[in-house]
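Number of protein chains: 4
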Amino acid sequence: MKIRVYYEDTDAGGVVYHTNYIKYCERARSELFFERGLSPQVSPTEFFVVKNINCDFLKPALLGDILEVKTELIKRKNSSLILKQEVFRDETLLFSALIVLVYVKDLRPSRIPENIVTILDKG
Amino acid sequence: MKIRVYYEDTDAGGVVYHTNYIKYCERARSELFFERGLSPQVSPTEFFVVKNINCDFLKPALLGDILEVKTELIKRKNSSLILKQEVFRDETLLFSALIVLVYVKDLRPSRIPENIVTILDKG
Amino acid sequence: MKIRVYYEDTDAGGVVYHTNYIKYCERARSELFFERGLSPQVSPTEFFVVKNINCDFLKPALLGDILEVKTELIKRKNSSLILKQEVFRDETLLFSALIVLVYVKDLRPSRIPENIVTILDKG
Amino acid sequence: MKIRVYYEDTDAGGVVYHTNYIKYCERARSELFFERGLSPQVSPTEFFVVKNINCDFLKPALLGDILEVKTELIKRKNSSLILKQEVFRDETLLFSALIVLVYVKDLRPSRIPENIVTILDKG
Chain A
1 MKIRVYYEDT
11 DAGGVVYHTN
21 YIKYCERARS
31 ELFFERGLSP
41 QVSPTEFFVV
51 KNINCDFLKP
61 ALLGDILEVK
71 TELIKRKNSS
81 LILKQEVFRD
91 ETLLFSALIV
101 LVYVKDLRPS
111 RIPENIVTIL
121 DKG
Chain B
1 MKIRVYYEDT
11 DAGGVVYHTN
21 YIKYCERARS
31 ELFFERGLSP
41 QVSPTEFFVV
51 KNINCDFLKP
61 ALLGDILEVK
71 TELIKRKNSS
81 LILKQEVFRD
91 ETLLFSALIV
101 LVYVKDLRPS
111 RIPENIVTIL
121 DKG
Chain C
1 MKIRVYYEDT
11 DAGGVVYHTN
21 YIKYCERARS
31 ELFFERGLSP
41 QVSPTEFFVV
51 KNINCDFLKP
61 ALLGDILEVK
71 TELIKRKNSS
81 LILKQEVFRD
91 ETLLFSALIV
101 LVYVKDLRPS
111 RIPENIVTIL
121 DKG
Chain D
1 MKIRVYYEDT
11 DAGGVVYHTN
21 YIKYCERARS
31 ELFFERGLSP
41 QVSPTEFFVV
51 KNINCDFLKP
61 ALLGDILEVK
71 TELIKRKNSS
81 LILKQEVFRD
91 ETLLFSALIV
101 LVYVKDLRPS
111 RIPENIVTIL
121 DKG
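First to last, the protein sequences are chains A, B, C and D.
Going by this note's numbering, the first sequence opens with residue 1, and the numbers climb by one from there.
Going by this note's numbering, the second sequence opens with residue 1, and the numbers climb by one from there.
Going by this note's numbering, the third sequence opens with residue 1, and the numbers climb by one from there.
Going by this note's numbering, the fourth sequence opens with residue 1, and the numbers climb by one from there.
Chain A on its own, in the form it takes in the complex (with noise of 0.2 Å):
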């Protein structure tokens, strides 16, 4: 999942703005259920929501960069996951996360079906 970094994405210091990390994190959960021909809204009642994100910033991205966002599944339980992400410049690391994503069915926390843990777990 490469990323560049346009113009909207910067802000008046010059850098990436601070959020726009946890979006590029975002969009690479996303797009692995995308590449797959599927979408992160399983179904309109069914989808993961953000419960805790823990992060650290750690070095700044510029206009320009292409950066590159690796995911991996740290742990999992019955309805929720711990995904850790990182963006890097090369091999420069810039941003590292631990997020909780919980399942939600019909606004309830739900069993993880087996394939959406595969799909997330390949990342």
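Since no wrong hints were added, every one of them can be taken at face value.
Copies of the same chain are indistinguishable here, so a pair counts whether it falls within one copy or spans any two.
Pairs of lysine to aspartate or glutamate, EDC-like flavour, derived with a Cα cap of 16 Å:
id, residue 1, residue 2
1, LYS2, GLU91
2, LYS2, GLU35
3, LYS2, GLU31
4, LYS23, GLU86
5, LYS59, ASP106
6, LYS59, GLU86
Please keep in mind that the hints were generated in silico from the structure rather than gathered at the bench.
The model shown is predicted, which means the values in this text are computed figures rather than measured ones.
Starting from the known structure of chain A, arrange chains B, C and D on it as the hints suggest.
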């Protein structure tokens, strides 16, 4: 309708990213509904869509600026409106747009209810 | 610090896109500077950077909601601060974050000036 | 220039937020520079600014869509250009814009260097 320019609104050029002036105009239109306790989404199947925008970028806004959006109903047809929306910093005009909105109901152009016209005309 | 939720803040899930709560916190921090006639960019070479965010997404906000951001100084070190920022809709807590900010001068961590601490402590 | 529609691009209406089509056009213009190893910020004091946009919103794009932006040089003057930029999903035209760009150097309109015209003409 006063709008503060935050970091998120600016880009690496040090000024407000160009599409954000158009966002500010949308905020101002929506606020005309919200401040009356209404929603721009009149019903799940009934709302305005933007059909055309013709806009001039005259001067840049900067981090921390307080901007004002002025909205004027220019022309009214059966199922569409033309609004003039301008973004000022104090007396200085920064951005000016003519915006064509079409009222749709069940995905088809539909007669604009009288009370809805009133909302946008008072702006 | 009151914030209205506009269309731009929401996503196809019908609620506020998750990273936008973090944007609202940044707006609130910047506003503490702006309302005193100051800038969060204290000088071109002197400003805070976000080092870490640990946040919980508790309940979703919706189009048209009016949100309030509360900011509290939790801990102060020589060159860094920990802020607690919470987003409420009326009495309901929607989002809560601990945010570590580092004060940099000429790109290096630097002692936070006393008057700057005061700005963030009063919020 | 292919663009995937992510959650961040959509709004509570379930479709891409209108100003994002204009962002996609900017991405496509910048990418013409980046893919040649150049920057749209030709130098700190030399770059294009958007002067006018006249655009039609024809059909909505949806979460997960892959869009393509086509860019064509329509007219060239001494210090300005008119580009036509169109956003397609497969063969379907969703958005069409005429965009006037002015080349500025030290904040004043300036003759566009020949190699810069070539970049935008090949798009």
